[in-house]
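When you line the sequence shown up against UniProt numbering, it's residues 1 to 352, in that order.
Where hints are given, some of them may not hold.
[To be verified] Cβ pair distances, simulated, as ranges:
no.: 1; residue 1: Ser78; residue 2: Ser240; range: 30 to 38 Å
no.: 2; residue 1: Thr208; residue 2: Glu252; range: 14 to 22 Å
no.: 3; residue 1: Pro128; residue 2: Thr27; range: 34 to 42 Å
[Claimed, not checked] With a straight-line Cα cutoff of 20 Å, these simulated EDC-like cross-link-like pairs (lysine to aspartate or glutamate) come out:
no.: 4; residue 1: Lys236; residue 2: Glu252
no.: 5; residue 1: Lys236; residue 2: Glu122
no.: 6; residue 1: Lys236; residue 2: Glu224
no.: 7; residue 1: Lys236; residue 2: Asp140
no.: 8; residue 1: Lys236; residue 2: Asp118
Please keep in mind that the hints were generated in silico from the structure rather than gathered at the bench.
The beta-carbon is built from N, C-alpha and C at its ideal position, and this holds for glycine as well.
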Amino acid sequence: MERDEAVVIAEARGTIPNIPLRRTGGTGDLRMSLQVHDDPSNFRTRLGYYGELYLARPGQQEERHIGFLSAWRISRSSAWLPDGAPIYIREWLRSVPDHTADDEVRTALRALMDENGDPRSEVISFNPVVWAQLNDMDSDVIFFPMIWISASVSGQGIISHAFNLFYRLLTGGTLPAFYNVSGPITVALEPGIPNSPEYSRLWREIVTRHDHESGYSYELRCLEILERMYERNGYKHCRSIYDSRVMARVVEPVARDPGDRLMMPPDPPPLAEAGRTPPSSQSRPSPPRRSHGGPLGNDNSPTPGPSRPPVVPPGVRTATMGKSPQIRPPVPRKRAQGQNDYEWDDIYNASP
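Given only the sequences and the hints, what does the whole structure look like? Please build it.
Right under this line is the structure:
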């Protein structure tokens with residue numbers, strides 16, 4: 001789905017000031033614009049949440065766009081079929097895969113629930129907290145199809161703050177009541193590596209392939225790095241990794257910060273060509289604004305997507321980026337970098 005196909009219907013903004021920057025030292029202010037958007041595919045039970053991230057450091061005149069968290073909220077109680085079954089069951093748990101990006105949502109939900117919407121029995125052994133939450137049929141599910149933190153801020157410890165800011169704007173009451181999540185919610189993702197040049201830059205330049213390491217072994221090693229990072233942020237596997245790598249956690253509502261604000265009307269940041277977020281090497285004024293009704297660009301190249309190998313058998317899905325990557329300087333590295341220096345890093349992609 002291209003971002004310019006979606007209509008932003010609500011926006012909340014918030015900041016976490018003075019977050020410590022682990023790799024370079026010092027602090028920065030992390031800001032998020034959380035945009036609620038409709039579903040251009042017209043699923044009745046899905047709503048989009050897109051959190052754009054900006055970092056401002058002392059002495060800088062402009063904040064820098066450094067990443068985003070893209071999520072779908074699946075409503076389990078908003079609509080019902082004539083036979084009494086929730087519509088989300090028909091749309092996501094019983095529908096035929098259509099070989100589009102929507103299959104990502106189907107696959108993740110089916111790893112957690114059976115065709116009747118009940119949590120799978122395997123989940124209670126691996127993730128009992130999520131299993132108990134899924135038993136509440138009125139609770140929704142959030143799924144992250146993509147999380148990206150720019151390689152330019154790799155190692156700064158951004159991702160934990162980004163998650164917290166997303167949860168706060170999602171649940172704290174800043175958004176209108178219909179879009180705010182007022183109770184505990186299951187949040188799921190599936191680790192994977194993006195294969196667009198820009199989004200996979202960190203992997204190509206820092207977490208590099210070892211000599212004599214097969215491509216498949218390298219990709220599995222990268223997935224394990226991602227999994228450890230998500231575990232440190234509260235996510236756990238829900239089944240054997242030989243069945244599914246979907247990870248999930250339960251998020252409780254987070255109190256609103258006095259500085260959080262609802263934008264009326266929504267005024268989301270401008271889109272780059274093809275509706276993509278501008279590349280990580282670009283910066284823009286704080287905060288950027290777009291005149292309503294202004295052009296969004298006319299490039300029709302596809303938004304890059306990620307890929308992930310299954311555990312057994314080997315195999316990797318592919319996706320392409322419509323434009324050649326820009327030439328950028330190497331990602332800054334630590335001196336005397338050890339093998340596990342980036343274990344606490346913002347290694348970034350959540351799922352395909």
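So, going through the hints one by one against the coordinates:
no. : hint                          : in the structure
1   : Ser78 <-> Ser240: 30 to 38 Å  : 32 Å, holds
2   : Thr208 <-> Glu252: 14 to 22 Å : 39 Å, violated
3   : Pro128 <-> Thr27: 34 to 42 Å  : 38 Å, holds
4   : Lys236 <-> Glu252             : 16 Å, holds
5   : Lys236 <-> Glu122             : 13 Å, holds
6   : Lys236 <-> Glu224             : 12 Å, holds
7   : Lys236 <-> Asp140             : 18 Å, holds
8   : Lys236 <-> Asp118             : 19 Å, holds
The structure shown violates just one earlier hint, number 2.
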